[in-house]
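**Q** The residues making up each chain are set out below.
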Amino acid sequence: MTVGIDLSKVRPGFQDPVHNSQSVFRAIMEAVARPGMQVTLSPAPTSPAPLCPAAGAVALTLLDFETPVWLSPAIREGEARDWLRFHCGCPLVDETEASAFAFISRADEAPPLSAFNPGDAKYPDRSTTVILQVLSLEGGSSVRLAGPGIKGERIIAPRGLPADFWDQVAENGAAFQFGVDILLVAEEGLIGLPRTVRIQS
Amino acid sequence: MAYVSVKGGEKAIENAHLWLAEARRGDPSVAEVGVDQIREQLSLAVDRVMAEGSCYDPGLAALAVKQARGDLPEAIFLVRAYRTTLPRFGGSEPVDTEKMHVRRRISAAFKDIPGGQVLGPTFDYTHRLLDFTLAAEGLPPPAPAPASETPSSWPMPTIGSVFAHEDLLEADARSEAETPFDLTREPMSFPAGRDQRLQALARGDEGFLLSLAYSSQRGWGSTHPLCGEIRLGDVAVEFVPEELGFPIEIGEVTLTECQMLSGFAGSAERAPQFTRGYGLAFGHSERKAMSMAIVDRALRHREVGEQADAPVQDEEFVLYHSDNVEASGFVQHLKLPHYVDFQADLQLIRRLRREHFERLNPVQEAAE
Amino acid sequence: MTEASPPANLAERYYNYAYLDEQTKRMIRRAILKALAIPGYQAPFGSREMPVPYGWGTGGIQLTAAIIGPDDVYKCIDQGADDTTNAVSIRKFFAKVADVATTEDTSDATIIQTRHRIPEQSLKAGQVLVFQVPQPEPLRGLEARETETRAMHAYEEYGLQYVSLYENISAYGRIAATAGYPVMIEERYLMSPSPIPKFDNPKMDDNEAILLFGAGREKRIYALPPHTRVRSLDFEDYPFEVQSWEENCALCGAEDSYLDEVVLDDAGNKMFVCSDSHFCGERRKAGHSGPMAGHQLDQTVEGNTP
Chain A
1 MTVGIDLSKV RPGFQDPVHN SQSVFRAIME AVARPGMQVT LSPAPTSPAP LCPAAGAVAL
61 TLLDFETPVW LSPAIREGEA RDWLRFHCGC PLVDETEASA FAFISRADEA PPLSAFNPGD
121 AKYPDRSTTV ILQVLSLEGG SSVRLAGPGI KGERIIAPRG LPADFWDQVA ENGAAFQFGV
181 DILLVAEEGL IGLPRTVRIQ S
Chain B
1001 MAYVSVKGGE KAIENAHLWL AEARRGDPSV AEVGVDQIRE QLSLAVDRVM AEGSCYDPGL
1061 AALAVKQARG DLPEAIFLVR AYRTTLPRFG GSEPVDTEKM HVRRRISAAF KDIPGGQVLG
1121 PTFDYTHRLL DFTLAAEGLP PPAPAPASET PSSWPMPTIG SVFAHEDLLE ADARSEAETP
1181 FDLTREPMSF PAGRDQRLQA LARGDEGFLL SLAYSSQRGW GSTHPLCGEI RLGDVAVEFV
1241 PEELGFPIEI GEVTLTECQM LSGFAGSAER APQFTRGYGL AFGHSERKAM SMAIVDRALR
1301 HREVGEQADA PVQDEEFVLY HSDNVEASGF VQHLKLPHYV DFQADLQLIR RLRREHFERL
1361 NPVQEAAE
Chain C
2001 MTEASPPANL AERYYNYAYL DEQTKRMIRR AILKALAIPG YQAPFGSREM PVPYGWGTGG
2061 IQLTAAIIGP DDVYKCIDQG ADDTTNAVSI RKFFAKVADV ATTEDTSDAT IIQTRHRIPE
2121 QSLKAGQVLV FQVPQPEPLR GLEARETETR AMHAYEEYGL QYVSLYENIS AYGRIAATAG
2181 YPVMIEERYL MSPSPIPKFD NPKMDDNEAI LLFGAGREKR IYALPPHTRV RSLDFEDYPF
2241 EVQSWEENCA LCGAEDSYLD EVVLDDAGNK MFVCSDSHFC GERRKAGHSG PMAGHQLDQT
2301 VEGNTP
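Chains as they are written, first to last, in my numbering: chain A, 1 to 201; chain B, 1001 to 1368; chain C, 2001 to 2306.
Keep in mind that the hints are not guaranteed to be accurate.
Simulated pairs of lysine-lysine, PhoX-like, Cα-Cα distance not exceeding 20 Å [as the list claims (entries may be wrong)]:
#1 Lys2203(C) to Lys151(A)
#2 Lys1011(B) to Lys2092(C)
#3 Lys2203(C) to Lys2285(C)
#4 Lys1011(B) to Lys2096(C)
#5 Lys2124(C) to Lys151(A)
#6 Lys1011(B) to Lys1335(B)
Please keep in mind that the hints were generated in silico from the structure rather than gathered at the bench.
Kindly produce the complete structure, drawing on both the sequences and the hints.
**A** As structure tokens, then:
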């Protein structure tokens, strides 16, 4: 169903889809393998607002007709939505728990993490990956992380998170093997917070 | 003489490939076989490669047969590895075998059925005597077959419609899923739906399915099958392009379809009825379609409350082991070097033997 | 040591970059991310037919194809050696379809694909080690049914594995497992390390690199992020131990590497050489030598056949 998209207004995606999505994926893979480590997604597309370039790069790299996507209200309106449908061909879903990927444009639009699909006991990989846009990946209050992918501990300080975000992350991690996996994005940067991450007090 | 194992691989591979090409060509004083000759004159080999290769393209399948030197599982593998790289435009509409242009159609259940019995091009009643006239090449082509057997009706009624008014045969259960399960995109999962099972069987090795069907007939999970109908012919394939919104015909495929009938004594909720097993294969592949139908029916034991203790009724066993590309690869990978693992085993067995003899003979041990 | 890859032969580019189509790569990439998020868990994926047979490394090849780019430097080993036939064949495949530079040097490589070994030299951040896995299920030898073993992992029911190890001790006086020795990941998922000798098991614990495991025929991907806790199963009174040799490498004299036994004749003569051909070659270049230095294997082991 491509009805209703004004193709003349859809911004371009990757210039070179094969090689751009490869280099972006490698950065995302390093970020998920090393939770808390900030990576730059390059080249990132000039995705339409409110999607930041990093969120756009994640979408172009990982979404297609096999991934049901949930969008927070600000993304669901207008240009960003058409851009995702055109470039990724991804089905959009209204229920958070039916999504393979969820894009949240800002903290005040974020449903609780528990609203998303935590996976199945036998297939915990069927959980939602949540892409949460924040104001900045730096400059907020510090949190110390530990777990697989981290030697000792790693300190991060993203700014613009939902109020009780770290409590939710801790709760998400406590339910392992269930849980969602989170990608924090701002501008062209990304930090991975898979369900294995532990918050150090 | 020194024995150097598999080192020096690069040169060895190159030489092996050259040798293979030479062996494929055979005696150069004999004319090279053409892909078109294979497609036209070894058409049943081509059909099997298309069926198990999951790709309907007689020209490509004939090329694969040539490249594989006639080794059909190898040709099937070539076609699969090509097919998997092709972009996907979407799924076709279900083909309607009732509207098949039938070349062969038989039923073992009735002496005559609507549409008639049409023997068509079959080996069934030939005497298996080597025909030495075929060895003498250059004979004029055989005369066209008499048209008396041309099927009389189109659409050709199916065995289901023959039974329809009495409800003696279970109705075809349509899958509820909009798009059927696709094994080429998702791994096997259990319990398997009938769509997943039929796809696995359609791609499955003919020999494996034949043996399973045979084991069932011999009593290892018997379903007392009877051949309700086999039909062979061409059907139209239709596709709905997104931009048009209505189906258009994109081509024709030759299919063999088999409906096996089995009894069902009935239960508290269901009246006694005939049940069916279904087989479908690209091209002319009766052995495959019949075996598939028997195995399909045997695997439906849960639906009809049959006791299940035979291999043919074990879904995981049958579906996991029916793919000859997987099976052939894994069996033959034992040719690859395993000397790291073997060294580990060798070391362990030497140690266990030493300990064994020390236990048996502690005195001598002390004396040493 | 890095060889330039042959220029892309456009006439031969009948296939996609890195062979797989983009949708398949996305599907595998998604599976890799979930596998990294659940270390040791076997994520199902829609494995495709590859142009090499199942058992020849189709899982590893699909992983490599999904992550590789033209800036990568690719190394491929089988039994630890770069020059084994299958390693040569796979390395050539990626040089051809992915336009990558290839190397035999462990430290130069960004992606190392392996069958049955982990290189002797420590890996570092930025490297990815891709394992070819014939059977991803560590419990398969004890329970043939996938439906059963999947439930065992889901509910962390690993009693069967311990019973089997214990029976092994009763029969042989030790844990008589040699390759593919099961490991526990972060005290949650039991994992098969693929048929590497247990000599290599300790290298997985707290490794610097990303470890990816691909089983093509069985259609499973699993992964270990760097610095993951990997414990080889054992008992307090029967602790895990690795293989050791009385001999040193006949060529480079190494005392601490995994050795292959090379049968020299049918009179029982043999020599032991490093299974890791690059490691052995580097040692010899640095001036180390073993009791049979100068043997004809000296030329071939390193893959420098003229």
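**Q** State for each hint whether it applies.
**A** We went through each hint and held it up to the structure:
1. Restraint check for lysine 2203(C) and lysine 151(A): the C-alpha separation of about 16 Å stays at or below 20 Å, so the hint holds.
2. Between lysine 1011(B) and lysine 2092(C) the CA atoms are separated by roughly 12 Å; this keeps the pair inside 20 Å, and the hint holds.
3. Our distance criterion of 20 Å between C-alpha atoms is broken by lysine 2203(C) and lysine 2285(C), whose separation comes to about 25 Å.
4. As the CA atoms of lysine 1011(B) and lysine 2096(C) are separated by approximately 17 Å, the hinted pair is consistent with the 20 Å bound.
5. Distance hint between lysine 2124(C) and lysine 151(A) is fulfilled; the C-alpha atoms sit about 13 Å from each other, no more than 20 Å.
6. Taking the CA atoms of lysine 1011(B) and lysine 1335(B), the gap is about 18 Å. The hint holds against a cut of 20 Å.
Hint check: a violation occurs at hint 3 only; the rest are consistent with the structure.
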